[in-house]
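Trainee: Chains as they are written, first to last, in my numbering: chain A, 1 to 342; chain B, 1001 to 1342; chain C, 2001 to 2342; chain D, 3001 to 3342.
Quick caveat, the hints were computed from the structure, so don't treat them as lab data.
There may be inaccurate statements among the hints.
The list that follows gives simulated cross-link-like pairs (lysine-lysine, BS3-like), each with its CA atoms no further than 30 Å apart [said to hold, decoys possible]:
#1 K3245/D <-> K328/A
#2 K3162/D <-> K245/A
#3 K15/A <-> K1103/B
#4 K1245/B <-> K3162/D
#5 K2015/C <-> K2103/C
#6 K3245/D <-> K162/A
#7 K245/A <-> K2015/C
#8 K2162/C <-> K2297/C
Partial selection, computed: residues in chain D whose CB lies under 8 Å from chain B [said to hold, decoys possible]:
#9 A3218
#10 G3220
#11 S3232
#12 G3263
#13 Y3266
#14 R3268
#15 P3270
#16 H3272
Computed far set for chain B versus chain C, every beta-carbon distance over 12 Å [to be verified]:
#17 I1036
#18 A1039
#19 Q1046
#20 G1060
#21 R1101
#22 M1276
#23 D1323
Glycine is no exception: its CB is placed at the ideal position from the N, C-alpha and C atoms.
Number of protein chains: 4
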Amino acid sequence: MSVRFGLLGAGRIGKVHAKAIFANPAAQLVAVADAIGKAATDLAAQYGCAVRSAEDIVSGDDIDAVVICTPTDTHADLIEQLSRAGKAIFCEKPIDLNLGRVKQCLAVVDAEGATLMVGFNRRFDPHFMAVKQVIENGEIGAIEMVTIVSRDPGAPSVDYIKRSGGIFRDMTIHDFDMARFLLDEEIDTVTAQASVLVDPAIGEAGDFDSASVMLSTASGRHATISNSRRASYGYDQRIEVHGSKGAVSAENQRPVSIEVANGSGYTRPPLHDFFMTRYTEAYAHEISAFIDAVQSKAPAQPSGIDGLVALALADAALISVRDGRAVKVSEVTGPLADGSVF
Amino acid sequence: MSVRFGLLGAGRIGKVHAKAIFANPAAQLVAVADAIGKAATDLAAQYGCAVRSAEDIVSGDDIDAVVICTPTDTHADLIEQLSRAGKAIFCEKPIDLNLGRVKQCLAVVDAEGATLMVGFNRRFDPHFMAVKQVIENGEIGAIEMVTIVSRDPGAPSVDYIKRSGGIFRDMTIHDFDMARFLLDEEIDTVTAQASVLVDPAIGEAGDFDSASVMLSTASGRHATISNSRRASYGYDQRIEVHGSKGAVSAENQRPVSIEVANGSGYTRPPLHDFFMTRYTEAYAHEISAFIDAVQSKAPAQPSGIDGLVALALADAALISVRDGRAVKVSEVTGPLADGSVF
Amino acid sequence: MSVRFGLLGAGRIGKVHAKAIFANPAAQLVAVADAIGKAATDLAAQYGCAVRSAEDIVSGDDIDAVVICTPTDTHADLIEQLSRAGKAIFCEKPIDLNLGRVKQCLAVVDAEGATLMVGFNRRFDPHFMAVKQVIENGEIGAIEMVTIVSRDPGAPSVDYIKRSGGIFRDMTIHDFDMARFLLDEEIDTVTAQASVLVDPAIGEAGDFDSASVMLSTASGRHATISNSRRASYGYDQRIEVHGSKGAVSAENQRPVSIEVANGSGYTRPPLHDFFMTRYTEAYAHEISAFIDAVQSKAPAQPSGIDGLVALALADAALISVRDGRAVKVSEVTGPLADGSVF
Amino acid sequence: MSVRFGLLGAGRIGKVHAKAIFANPAAQLVAVADAIGKAATDLAAQYGCAVRSAEDIVSGDDIDAVVICTPTDTHADLIEQLSRAGKAIFCEKPIDLNLGRVKQCLAVVDAEGATLMVGFNRRFDPHFMAVKQVIENGEIGAIEMVTIVSRDPGAPSVDYIKRSGGIFRDMTIHDFDMARFLLDEEIDTVTAQASVLVDPAIGEAGDFDSASVMLSTASGRHATISNSRRASYGYDQRIEVHGSKGAVSAENQRPVSIEVANGSGYTRPPLHDFFMTRYTEAYAHEISAFIDAVQSKAPAQPSGIDGLVALALADAALISVRDGRAVKVSEVTGPLADGSVF
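Let the sequences and hints guide you as you build the complete structure.
Mentor: Now the structure itself:
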């Protein structure tokens, strides 16, 4: 049966999910809510769905699943309400910027037995999925070193920076999740260094724009992450996994694969200049995976715990930068409600 | 206003167009017809449209435009009927395998002032479009030499071969159109050689499976085409244009861009193994361009004349192989109704 | 024992061979001759060898092998003299521009049992050698289609053009040899088209600057060659072989393998801009192979017959352009002295 | 005037330098010494030089410059002796495994005003030199992040490991030097993590086989280094520099640039499997640069100080791994004799 969707938030990421839901034959977009009336009505007109209040979507009998694309500080409350209302929940990352609040929220999800999926869209990129498949096929043997380069085309506004929770919680968090996804073993230690090279205003806002991170697991696996808020050549997103028998990598993506040759050399176009065009397919696959989880009542992946752990890694990175030392992830997380560390 | 579509033919290419129409907010799929009832009802169920007879679609008041995906020998008749019924027409190539019949048909289209677009989908591939744009920007100067390599993953059935009109009319025809598209000057002379290297049964059916073609224009521009019915590494589709100031090329496409490295070397996956996955975006852009033409009442490109000329080049290639000589295209086409050669 | 070399001609290609001989521990450069005294003395000073007359080199008792780098119209005479003097001979291509003269010359070589190697240096390029090895390993199955793109960075002077024998005998001749090397079957038919797109002065000199060639073998294998006298992006030299089980290609070479990325895209440097830097390793391997042949008294490859056949293919291409038809190679060659066609 | 060379050590790296000296018209190889008599006589026979004792080479009147390729623990003594004997000195890295001993040695070099060049050959790789040139041209703007991936084809013997000073002093030392070369600013802080993933015997010998390093400069520039002692796909040597206006990278090198395509995909050969074939050109350029320095009496680069600093970075990395913290380089070096930190 088709999954009936409500959408909370009709901003740019809300539109991405609306389009993916609309194009998916197993889904139906029933209603949208947004604090800005025009945003909601425009989106509703485009996809032929209703405009409702967030409350009505939470309580609506004709809605099976809700996609949360509202500002971060509303996520945890909405997840709790939706859990209690028996809806399946897809929430854009992060659940909250505060680790304690995330734990509380996940306790509610757990108590209600709700389906919760967190929007680490990159796990659904077909190229990264293919990398994961190569690993799972055993083609590169035991995993040893993961290398992630992740650079944005340009820094966001300082206003955004101030609300973002900082580079580790806002940007690197995707790379932390990708490292966990690829390492196939929990991360034990985080070491990070960060600086302001792109824009002094980012530094004045208390954040960094350039960061390097080293991760290690208990068995000694490594991951390194290299982040910059500005890459003149586009949205730079590379992953590489080195193992005992070989290595696998995913190349950067560009809108078109052409090459112009002349006296200056051979030039291919810049990379995608926007995460939405870079990850178009990933967003569609992500929603499709969520629909599968809702229909099959299987646990959704990436889970709330995945969201929590990535945030914990970000917190550990911040401590590492502040203290100039390797930080055990367990320092940050403490034990969870179920007694496990994660 | 949304363009209301009828679809004739619910086979594999019909399904491709149905999907593109369905996903296009400027279009509406009203009805489908197919000689095989189940094909039509399956497609109708998937996209929520009606099943009708072809006749009803041709005459239907609620239909603005029709996509022809039926067997080749029905194309010319349907185009004539639809022209007279005032429908806009999108027809899969070729219009007919017989050049004389194509001319007759286009005379009717012309007399009725009908909108006709012929399905040379490759012109709408984003990579090839980008190549064309580089040329039009003047980035490579005057065009001199076009190089096209076009190889299928595997040969079709001998049954298909027998009905196909032969490799030049069935397969190379796309490359002839691409050469015209890129050369920006009409082709004057065709020289071809062809042989049977892949499957003797293709030779027994009177066809070839391996072909090389040289084209020249009046001003001395060159194009070369290399065709094979079988490439173990996938659907090989490359174009390259060399000009006075530089060159531009479009690389092959593969489903995912990863690379696995081990003691045997660095391996990227094979290419797409099917023209439909290779040209997914091209099909969507093609329908979108047709919708634009219908809505704006502008002439559709590629036109019926484009279809006719590509067929003429195929006929010239066949004569060239038979006679071992360069064949003037004008030998084949003769003057058209309007006095022009094309 | 070290092979003692005489060098006839101290021009640019003479210098290349002098350097390769000097660096080869199995060889010794004894003497050089050049019509221009200073050219000879400069080269002799650099490599510590004697300056002699050509006659003294031909007759010198302390010389085992001679490298001919003099103007083309002296090659055949020198080969005959050196054959009679019992020297091993390495001659730059072509032996002569006239096929009949080449046959006469090879008859002398044959009668004297002389070792003669013709300078098709590309066979010794490590990348092209690796392509050949892949073919011989059976990795791509039966050979079906060879594709050669070969473009010079810039056209030579019109003076050079006038003495060159024309594009087919001067430039394409290397590609004809490469096609034979890769096809592993003699070429049966040549079809060519040619035009003047780069420089009208080349046309006024009776030559072409842009050419396309199709070759076929008796069993139906294809080769295509695309030539231009001017490529703004450097010395473009690509080969590709498509077979029943796969394909193998050699990429273009550039002086350094770096890539610069910025807002305009990702740029790799232009290709080599000169055949001598492109084929540096090939020249060294070529001389080494000649030394091996001299020392082992094995037949040298490429042989005089290889030189003759490549020239015959050039002649056939010229006839094809003139007559607009496929030309049988046997039309051009006629039977050889030994009764064979080649 | 030609530089007259003595060579100390006729092992594998000694042979590399002997070949480069022999082929260089500005140099002359006069004598070689090796503790293993046959090694010296074989090399002498190949290149036509004398065999002498190390002492005779140090004191030889007919020797201008000496290349030190003996075991590491002899380097510092030899440098001191050669400095006092007025010879120009090229020494393979490292000068010594002990930082204090290196300082003593450099004080002697300084006092004697000797020319000393340390063998960080990678600075002379044409690809890496081209990267440096792009930076110096200002093409990528201000340097921000350097990424180095450096992996050996296979781990050396445990015997070698035990004498090597450990992965940081033996292997990463090249990457430390490359980072300094590219960052264009002294490194301020070193953070490292290391583990044993390749071979437990390496761990038992007290060393690591897998390491990640983060470096930072006072202005906040980053470098990351990823090392493994074993890469099944060959000698993996990549550098990449990200700057304010763009990025530049050097690709991996392989013996031949071909690609084989079949049903399994598109495969390029593995990388070089040995540092000597990978860096053939670098070694020749390195000796050439040394000769230039000797002839022009200019300071040689990389200098003794470059050798010292790279060693200090290795020591800092070791402390970082041991203590789990960022280590200031100044903790390790202390002030030098001349009062500067470096």
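Trainee: Which numbered hints turn out to be false for this structure?
Mentor: Result: hints 1, 3, 4, 7, 8, 9, 10, 16, 23 break, sorted rising.
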